[in-house]
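A.B. asks: Add chain B to chain A, keeping to what the hints say.
Protein chains: 2
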Amino acid sequence: EQMARERDQQKLRGETTFFRVVLEASETPLAIVEPQKGRIRDLNSAAASLLGSKVETLSGNAFAQAFEGRRPTEFMETLQAAASAEELRGVEAIARRNGHVIMVYPELFRAAGDLYMLCRLNEVDEEGATGPEAA
Amino acid sequence: EQMARERDQQKLRGETTFFRVVLEASETPLAIVEPQKGRIRDLNSAAASLLGSKVETLSGNAFAQAFEGRRPTEFMETLQAAASAEELRGVEAIARRNGHVIMVYPELFRAAGDLYMLCRLNEVDEEGATGPEAA
Numbered sequence: 001e002q003m004a005r006e007r008d009q010q011k012l013r014g015e016t017t018f019f020r021v022v023l024e025a026s027e028t029p030l031a032i033v034e035p036q037k038g039r040i041r042d043l044n045s046a047a048a049s050l051l052g053s054k055v056e057t058l059s060g061n062a063f064a065q066a067f068e069g070r071r072p073t074e075f076m077e078t079l080q081a082a083a084s085a086e087e088l089r090g091v092e093a094i095a096r097r098n099g100h101v102i103m104v105y106p107e108l109f110r111a112a113g114d115l116y117m118l119c120r121l122n123e124v125d126e127e128g129a130t131g132p133e134a135a
Numbered sequence: 001e002q003m004a005r006e007r008d009q010q011k012l013r014g015e016t017t018f019f020r021v022v023l024e025a026s027e028t029p030l031a032i033v034e035p036q037k038g039r040i041r042d043l044n045s046a047a048a049s050l051l052g053s054k055v056e057t058l059s060g061n062a063f064a065q066a067f068e069g070r071r072p073t074e075f076m077e078t079l080q081a082a083a084s085a086e087e088l089r090g091v092e093a094i095a096r097r098n099g100h101v102i103m104v105y106p107e108l109f110r111a112a113g114d115l116y117m118l119c120r121l122n123e124v125d126e127e128g129a130t131g132p133e134a135a
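Residue numbers (the numbering used here), protein chains in the order written: chain A, 1 to 135; chain B, 1 to 135.
Pulled out of the complex, with its shape left as it was, chain A reads as follows:
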């Protein structure tokens, strides 16, 4: 029984490693947000750098705080509405640290019974907004 638990624990650490390795390998800027608390659970370097900061600095922070003039509750409601839309819908926001215009594409998913929001970030260039597919 004790050994079975240790095996489970090792498997758990293994899956966490897979998650972290793949998150960081993704050149697509990604953030996983806890929708209730509005906090950033995880993000990769590509996302942190787009927001003008670092992974260690942004992890655990309110997602809204990374953007200009966004209030946590209102911002999460806007993202939830976009995530629930039938078509792919982005939310435009301005990165507080560097003024970059960013489209946030949110998507809800469930893990271990809890709801999470996966956000793909995409910088809006002069040509106008482009979806993540077009990047």
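Do not take every clue at face value.
Repeated chains share a single entry, so a pair holds when one copy, or any two copies, can fit it.
[Said to hold, decoys possible] Here are the simulated lysine-lysine pairs, BS3-like style, with alpha carbons at most 30 Å apart:
hint : residue 1 : residue 2
1    : Lys37     : Lys54
2    : Lys11     : Lys37
3    : Lys11     : Lys54
Honestly, the hints are just simulated from the structure, not real lab data.
C.D. replies: Coordinates of chain B only, in the frame set by chain A:
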């Protein structure tokens, strides 16, 4: 004790979900290969589509089989050598199904005590080979 195990199991499923969600959200074509067996443990749609196939078809297959004229043992040795190089080094290979020229950038990591190889795939365009950073 039984409840503790159930909690562990649920956490484990949760981490697996995070891994799968992020792997698929990555626009960077990624494959995780078991270096001993040379088999594809996981890959995302971006990688499968670059190789001219589907995730379900390629998962569990020998990685070498996705490329033209590559023998499993020799191919894995070449990838391991590239992964162990100090600078970022890619291995060029031709996708068997569509003839695309692909650079494979391998990287070794350990998860739950076992060794795995993360491979980023990158199509070589007419301009010549470009690293994953330049994509």
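A.B. asks: Taking 30 Å as the upper bound on the Cα-Cα distance, should Lys37 and Lys54 be classified as within, between, both, or neither?
C.D. replies: within (21 Å within a copy, 37 Å between copies)
A.B. asks: Please sort Lys11 with Lys37 into within, between, both or neither, judging by C-alpha distance up to 30 Å.
C.D. replies: both (28 Å within a copy, 20 Å between copies)
A.B. asks: Within a copy, between copies, both or neither: where do Lys11 and Lys54 come within 30 Å Cα-Cα?
C.D. replies: Classified as both; 29 Å inside a copy, 27 Å across copies.
Violated hints: none; the structure is consistent with every hint.
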